[in-house]
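Participant: Sequence:
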Amino acid sequence: MFHRKNRLLLLEILVLVAVGLVMIASSSVYWAELKYNNPWHFVQRQALFAILGLIAMNLTSHLDLNRLRAYNKPILALCFIALVLVLIPGLGVQRNGSRSWFGVGSFLVQPSEFFKLALIVSVSDHLAGRERVKSLRKDLWVPLVLTGAGFALILLQPDFGSGLVMVCSIVVIVLASGAPMRYFVRLALLGGVGLSGLILAAPYRLARITSFLDPWQDPLGSGFQIIQSLFAIAPGGLLGAGLTRSMQKHFYLPEPQTDFIFAITAEELGWIGGMLVILVYLLIIGEGVRIAKQARDPFLCYVAVGIISLFAIQVMINLGVVVGLFPVTGITLPLMSYGGSSLVMIMASLGILMSIAKS
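Numbered by this note's numbering, the letters in the sequence shown go through residues 3 to 361 in order.
Note that these hints are calculated values from the structure, not bench results.
Hints may be right or wrong, so weigh each one.
Stated by the list, open to error - Derived DSS-like pairs (lysine-lysine); straight-line CA-CA distance at most 25 angstroms:
hint, residue 1, residue 2
1, Lys295, Lys360
2, Lys7, Lys360
3, Lys7, Lys295
With the sequences and hints as input, model every part of the structure.
Facilitator: This is the structure:
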């Protein structure tokens with residue numbers, strides 16, 4: 003079972019998973035009835051994935067991290083192959099314009115979720131083998147190439163949000179390695195130019211930026227989700243409308259059990275409920291930072307930094323989108339949003355964090 007050192011972190015994770023199941027059940031009931039003639043379709047599937055995630059988290063919390071480090075290259079190679087195969091019509095399943103999943107019966111597996119964790123382990127192994135980052139060309143070209151190649155493949159799906167979160171987590175690892183700040187200035191300038199080009203090259207990304215700046219410019223199109231999200235949060239007030247009493251889940255906010263589940267949470271549980279959820283997220287992030295700081299092995303420290311930064315960045319972007327601070331990106335809320343691959347991999351990643359804590 004789980005080590006006693008990890009009981010607090012385990013409790014925090016289980017609280018968010020449980021709250022997520024309750025809110026998925028509440029927010030998806032009408033969509034599930036319409037699509038599958040079963041109001042509990044989404045929560046039943048999420049409950050199954052939560053059990054699988056708990057098993058995965060237990061296994062990874064007892065993982066031999068030295069063995070993980072030894073096999074990181076073939077694991078990453080397999081993840082690269084999966085990212086290529088998912089782009090092939092007939093192998094990859096297309097949903098909402100993105101070919102990001104493999105279909106196994108009625109279940110979908112998203113290889114980019116596995117790739118993000120494999121990349122964190124590989125970059126951590128590379129940086130741990132260097133006493134100090136002295137040269138961008140000699141010490142950082144491997145992480146840059148691996149991250150760039152992975153980002154390009156994820157972008158082809160296209161899944162810009164997942165790729166962006168992955169890149170940011172790798173940047174945090176490199177920052178933790180003590181790389182000179184001048185490298186980050188160069189990379190930021192290069193990334194800014196590249197990001198601008200990617201936004202201008204895809205009309206839907208440009209539409210998301212303009213709708214973020216003024217959602218009322220196209221209230222029934224690109225600005226619809228942001229407006230409906232704010233319509234959900236605003237009436238919630240201090241205590242909320244009450245569990246199951248959301249109005250926006252009545253086909254106003256599209257598929258509220260995924261990216262915008264926090265909007266329904268704030269509508270039904272109010273400001274207090276929303277702040278308690280955010281507090282638990284902050285506690286998990288704080289625990290992850292503590293584990294990273296206490297890790298004696300540089301490799302374990304970098305892996306912990308990568309995992310908790312991946313988690314924290316995803317939380318920050320999702321909450322920012324829901325309240326209108328960021329453009330819509332398609333990033334789910336960890337542990338709470340509906341999504342099998344995401345939930346299992348996040349819990350497995352946090353299990354690795356638990357293994358680092360007791361090492």
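Participant: Now, for every hint given, state plainly whether the structure supports it.
Facilitator: To see whether the hints hold, each was checked on the structure:
no., hint, result
1, Lys295 with Lys360, "holds, 13 angstroms"
2, Lys7 with Lys360, "holds, 7 angstroms"
3, Lys7 with Lys295, "holds, 15 angstroms"
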